[in-house]
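Protein chains: 2
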Amino acid sequence: MFKQLSRFVSYCFFAITSIAHAQTPALNVVEIGSFHVGGRLVEISNKPVKSVVFSPGSAPALIDPNGKYLVEQMYVQYFTPQILKSKLPILLWHGGGLTGVTYETTPDGREGWQQFFIRNGWKTYVSDAVERGRSGWASPDIWPSEPQFLTVENPWSRFRIGSGAWSDDPAKRVQFQGSLFPAEGYLNFMRQIVPRWTTTDAATIKAYTELVDKVCPCVVLVHSQGGMFGQRVAQARPDKVKALVLVEPAGFGDPDQAASLKNTPVLEIYGDFIDQDSRWPNIRKTQMDLNKKYIEAGGSVDVINLPEIGIKGNSHMMMMDRNNMQIAQLINDWLVRKGFAEK
Amino acid sequence: MFKQLSRFVSYCFFAITSIAHAQTPALNVVEIGSFHVGGRLVEISNKPVKSVVFSPGSAPALIDPNGKYLVEQMYVQYFTPQILKSKLPILLWHGGGLTGVTYETTPDGREGWQQFFIRNGWKTYVSDAVERGRSGWASPDIWPSEPQFLTVENPWSRFRIGSGAWSDDPAKRVQFQGSLFPAEGYLNFMRQIVPRWTTTDAATIKAYTELVDKVCPCVVLVHSQGGMFGQRVAQARPDKVKALVLVEPAGFGDPDQAASLKNTPVLEIYGDFIDQDSRWPNIRKTQMDLNKKYIEAGGSVDVINLPEIGIKGNSHMMMMDRNNMQIAQLINDWLVRKGFAEK
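From first to last, the protein sequence lines stand for chains R and X. Counting the first sequence from 1 gives a position; this note's numbering is that position plus 1. Counting the second sequence from 1 gives a position; this note's numbering is that position plus 1.
Quick caveat, the hints were computed from the structure, so don't treat them as lab data. Don't take each hint at face value.
Identical chains share a label here; the pair holds if one copy fits it or two copies do between them.
In silico lysine-lysine, DSSO-like type, Cα no more than 30 Å apart, as pairs [as the list claims (entries may be wrong)]:
id	residue 1	residue 2
1	Lys86	Lys241
2	Lys69	Lys51
3	Lys173	Lys69
4	Lys69	Lys294
5	Lys173	Lys51
6	Lys286	Lys241
7	Lys294	Lys313
Quick caveat, the model's predicted, so the values are computed rather than measured.
This is chain R alone, in the form it adopts within the complex (with noise of 0.2 Å):
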């Protein structure tokens, strides 16, 4: 594995230098849609009926809240480049609390890996996970574990933006030295965030499942929560998920079927200030943890772990960060690498 590791290094500095020329692709897209894979009918019952008036001004309505409710059915856009470089299309998974929108834009307004990927000839899915987002969400009467809400304070630490809490008072306000996060962006940032439930995993994986099922074989990135999200859905479908790249894993697949990824490459990458965090070494170390077992059972890992290849500054939302499209190409350069797009 350190050979492997050690030749990659070299070449992502190789990358490093070649796209400091490089001119942005052009946006050419000839086809955009989307749909909802999944779901499933839940029946409610012995409910008083309600009247309700949706708009002010207009006849109320009655409500009969008893009846069947669609649930746990998860959005999906896609767009299609005129050129395409890959014969596979590439789904973008976003992290827990968000939605797709991670993807599509960064706090200062710049394009996000959506953008970079059709940019580079890949037909692009983006998908609001179950819960999240255009994908709606289901009743307390369904789902009996509450929402979690994040206060616009807590993700400046826990996503490694700088220390202690976001202040509104900016003189109280601590970024990490060198920090490569659009700050100056950060509640734009807090305006994609979404609430979230703890207790929703078995569904997305269903509704994750059933996507890769409808559009696949493909190559999946996942962030964050999506990481076990990606590792479990690709364990279930190997022969539909081609190649998985985790962008900071926080979530993981199951080591009992670490064989099943034997034909799946998969790229690891980190970002900055990982030491200094309370969670992110035992996070990133269950993930080498599962590494091993891929690894033993006949797969490939590669991981980056960006300052050791001199990329620092990056926070856990490196597709929003003032490099965002420097990450991205390393991800094209490997996938070229790896056989699954030209150049």
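Based on the hints, put chain X in the right spot on chain R.
Chain X alone, transformed into the frame defined by chain R:
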């Protein structure tokens, strides 16, 4: 008004005849982006700290629910075609219990009005109203009212697809004779439904006004509940909203501000099966009464009752019906006729 409407009806017949032979223009998108507008910070205090495991296997995180929350922001996605045929963008605002997905696809997987307007040379903005989809929603500590959840049975008659309730037994389902709603995909439509509050109108109008301030002058096209948002925002920003298309508006403008719309031409479109509905005759009458005030104040209003011009079978969700492109073409032709776009 009668003369104006009569001229318009003749025009429509001409348009219907001419589009039968029209080719679909190519989709050629050179810019895709998204952003959130608006939102406000709300402080919550005196709640206990919670330990939450966000992903199975990851270390628990201490979540302090006390602090500031950013709520009532609104998500917007936009697409720029290579060749613009209008100097103005068009903003597509959906109805209650739904998101921008309303305009992205149909229950049977055809393209929606989003793609139609892009193909016809409009920079197109599709948003998720406050509380819905990618806009996120606030905790019960911040919004005191309960969200409403729709059963899959309910919209069948409320959206004038058929009589009675939807049943999962096809033999018990009664679709209106001649209905153009693609009922075979009814559950796909239900997958788009999201919970809704009935007390967020002011916040929604505020966010839409911020959107208009950011990206207009423009044309605003709204559906159903959006009737209120479109008319009230246009009344607040008559210099920015240059034309208003109301598709079965179920919410209304301020009658006392009728004069503010005197320079904003309005097009209103109604589908079929209204007379046999318990609510729609009244909802339409409220708008017709308001139209009189608009016209008395010097404004211009064109009303199309589709069955009166020979287009029968449309539900409340005409942007998803089998003839959705025919209706989009009527709208585009009206905008061309009013001078807002090239043919």
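Comparing the hints with the structure gives:
no., hint, verdict
1, Lys86 - Lys241, "within (19 Å within a copy, 42 Å between copies)"
2, Lys69 - Lys51, "within (16 Å within a copy, 34 Å between copies)"
3, Lys173 - Lys69, "between (50 Å within a copy, 15 Å between copies)"
4, Lys69 - Lys294, "neither (44 Å within a copy, 43 Å between copies)"
5, Lys173 - Lys51, "between (49 Å within a copy, 24 Å between copies)"
6, Lys286 - Lys241, "within (27 Å within a copy, 55 Å between copies)"
7, Lys294 - Lys313, "within (29 Å within a copy, 63 Å between copies)"
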